[in-house]
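Protein chains: 2
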Amino acid sequence: MNLRIVGPTPLPPAVCEALARPMINHRGPEFAAMQARIVNSLKTYFQTAHEILLFTCSGTGGLEAAVVNLLSPGDTVVAVSIGVFGDRFAEIAELFGAQVHRLRFAWGSAADPDALRAKLDELANVRAVLITHNETSTATTNPLQELARAVHERSDALLVVDAISSLGAIHLPVDEWGVDVAVTGSQKVWMIPPGLAMLSVGPRAWEAYARAKMPRFYWDFKKMRDAMAKGQTAFTPGVNLYFGLDVALELMNAEGFENIRARHARVAQHTRDCAQAQGFELFANQAFASNTVTALKIPPGVDGKKWREVLRKEHDTVIAGGQKELTDKIVRIGHLGWVNEADIDACLHAMTAALVYVRAS
Amino acid sequence: MNLRIVGPTPLPPAVCEALARPMINHRGPEFAAMQARIVNSLKTYFQTAHEILLFTCSGTGGLEAAVVNLLSPGDTVVAVSIGVFGDRFAEIAELFGAQVHRLRFAWGSAADPDALRAKLDELANVRAVLITHNETSTATTNPLQELARAVHERSDALLVVDAISSLGAIHLPVDEWGVDVAVTGSQKVWMIPPGLAMLSVGPRAWEAYARAKMPRFYWDFKKMRDAMAKGQTAFTPGVNLYFGLDVALELMNAEGFENIRARHARVAQHTRDCAQAQGFELFANQAFASNTVTALKIPPGVDGKKWREVLRKEHDTVIAGGQKELTDKIVRIGHLGWVNEADIDACLHAMTAALVYVRAS
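So the sequences go chain by chain: A and B.
Whatever position you read off the first sequence (first residue = 1), add 38 for my numbering.
Whatever position you read off the second sequence (first residue = 1), add 38 for my numbering.
Heads up, a few of these hints could be off.
Any copy, or any two copies together, can satisfy a pair, since identical chains are not distinguished.
[Said to hold, decoys possible] 25 Å max Cα-Cα, derived DSS-like pairs, lysine-lysine: (1) K157 x K351; (2) K268 x K367; (3) K260 x K81; (4) K251 x K344; (5) K362 x K335; (6) K351 x K251; (7) K335 x K157.
None of these hints come from the bench; they were simulated from the model.
If you're wondering where the values come from, they're calculated on a predicted model, not measured in any experiment.
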């Protein structure tokens, strides 16, 4: 199957093998050694000298962990949103009692650093700014460096970044840009199944942790840090996902971080170029086009659901539809993790063939 | 390796194969069909006609989910505790703002239904009673049927049961005993790696959900129920664990529920008999001995840590130590999931051999 959704992404054979290994004691020395290797490699991709924590959960669990460990009910938070996942991040913070000020931008556009500056100037005591790095729902990458600059220039707010579908593939030097917590998810660039969220936690985040009063148990940063310092985890971890991640990171290290980012940029450009050459129209503002996912407008008069169904049944190719208000307007092609140009060629070819069929039927 | 901790438990080869399958779209029809099969089988083991929800997390996440979906801050809760995991359940509820009254019993004993009756008579408006069915830390199984009877006889409290290390192996008819929410974890009886928590949610629990005010997003029961009704999950699920669970349940269905429970009872009795025959002393009150784990006292003068290290290094056998105040006092042998008498014979034989070595060195 040519699985071209935005995660889970395809698994390299070596990762599949690793996932099938016999269980081990998650409190024994093999696990400790494996976790140390994983954390060590992840620091390279997060470009951080600070702590990395791993939680057994989906990416959304990682976002919830970031919120409840840094904030107290009543805290003022700015949530920058350019799509479904930006809205979700805001909703989590609000649900746990933060005073959330949404800074929303039209779907398909990126966030404007000057608008963020203005919002921060207008509000007092902003405790945290939540930003989605790569908005999966609209295939748009925010100008995070500029947004981060705006945050630090105009406030003491923590910068908390949903990097679930970007980290490892799109440039994001966590320490250099002053990202206090960044969150990613195992089923994206990391080439393993869903079930692990990985977070970097910087020194300012730990200060915030000490005063944060939102309730937390499963997500507790300190419980996890203390356990990881002993080579363990706070609660029983997804052991076979660790096996997979250990091997996936080995593959990534062998390819090299620069090469991985270059490949994602190249494959993304290839996707956009070929899609347009085949007559498709791109959805997002191309100045902020994502290097991990591309959104195409569904051609007028075409039933997007049927198109995807024909693709799946007749061409063994799975792409994503749009979400919420984009449901009948776009389709999305994931190109992250274990992907190259040939996967995209096959996908786009199948899309065109299926389209001919859908239009004729 | 003879992995005889209390989870993760060993994986049957067919499960390993399933874990290595290529990823699929978690919002596509194959996933929906698989989830339907899984839920259908799980209902047999939970012995419930009501809803089953699956969350991507460790067992502890499942306990947190039960607490935050049923309760409001300030609610009166009785937490029955006979060990580490009973204490943890109480701690979670307290941390989210419940008024928790602990009813603790000496470690190695079971809870006394009359003491629970007295506690419920003493308190007004108890909203929930939290009980650990099988206390993994002390290898003791609570008399849940009698405890459940006490709860329903003396109160309208919800009965919330941590059945993480019992469900599927130890008799627990959820509906018949009036268990409102029961929680289990994938790495126990279910023969797959850690990373999924499975919960039954009865009608009284849904009523409680409607009025419960603890904050929840990732754990939200309704979000999950609504998504599962569409063959999906609220957030990206641990897809490869679902592959494994689907196959593991097929194996379990082929063996038959009665046979599985009988096997666990038989292997547990075998463990206790052989351990005693080899001169070991059992830790727990044997009237309440667990059928999934056995705790042995560390013989006087023996360094338990060294004993387990020799076992691991020289005999490729891994057993669990004690937790908290039992750290240097007991070791624990897990006998749940994919286990038979021969695994126990090999383990006990190795334990005796290692003991001779540790004593001599």
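For each hint, the structure was consulted:
1. K157 x K351: neither (48 Å within a copy, 60 Å between copies)
2. K268 x K367: Answer is between; shortest inter-copy Cα gap is 21 Å, intra-copy 50 Å.
3. K260 x K81: within (19 Å within a copy, 37 Å between copies)
4. K251 x K344: neither (48 Å within a copy, 41 Å between copies)
5. K362 x K335: For K362 and K335, only the intra-copy Cα distance (15 Å) is at most 25 Å; the inter-copy one is 58 Å.
6. K351 x K251: neither (50 Å within a copy, 44 Å between copies)
7. K335 x K157: neither (32 Å within a copy, 63 Å between copies)
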